[in-house]
Amino acid sequence: MGRSTSKDAQALFQSLRSAYAATPTNLKIIDLYIIFAVSTALIQVAYMATVGSFPFNSFLSGVLSCVGTAVLAVCLRIQVNKENKEFKEIPGGDSNLRLSSQVLKPERTHHYITPLQVFLRIFQSVSEAGLIS
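Position 83, counted from 1, in the sequence shown is what my numbering calls 83; the numbers after and before it change by one each time, with no gaps.
Be careful, since some hints might not be right.
Straight-line alpha carbon distances no greater than 30 Å define the calculated DSSO-like cross-link-like pairs of lysine-lysine that follow [stated by the list, open to error]:
no.	residue 1	residue 2
1	7	85
2	82	28
3	28	7
Keep in mind that the hints were calculated from the coordinates and are not lab data.
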């Protein structure tokens with residue numbers, strides 16, 4: 001068995017970058033939302049590791065909520081992807097995400113802002129600033 005070299009790694013990275021460049025914009029936005037949800041969960045884990053886990057139920061609900069949101073967003077990405085032939089006859093991927101997000105986090109319906117709303121506000125302000133074409 002040979003060892004992988006840095007040239008092999010660079011070639012792999014270049015091929016992944018060129019393949020992702022052909023990805024539609026709506027899938028890239030969903031990917032950003034997935035990264036946002038997972039990074040929020042990781043921030044919560046890092047906070048718990050440094051500060052402590054006194055209200056462990058709050059930590060657990062926050063992390064599981066972020067992970068559940070990421071899983072739902074992955075399911076939405078699979079349904080919205082036009083190259084995926086299995087989900088052509090299933091309509092309403094966006095409404096499925098909204099409904100299951102409210103089922104996952106019913107306490108956030110009226111009093112709190114959902115992670116999806118935060119992400120959409122951030123994306124709107126970044127696109128208005130002209131940072132995303």
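Now for the hints, and whether the structure bears them out:
no. : hint     : verdict
1   : 7 to 85  : 35 Å, violated
2   : 82 to 28 : 13 Å, holds
3   : 28 to 7  : 27 Å, holds
Figure legend: structure checked against the earlier numbered hints; the only hint not met is number 1.
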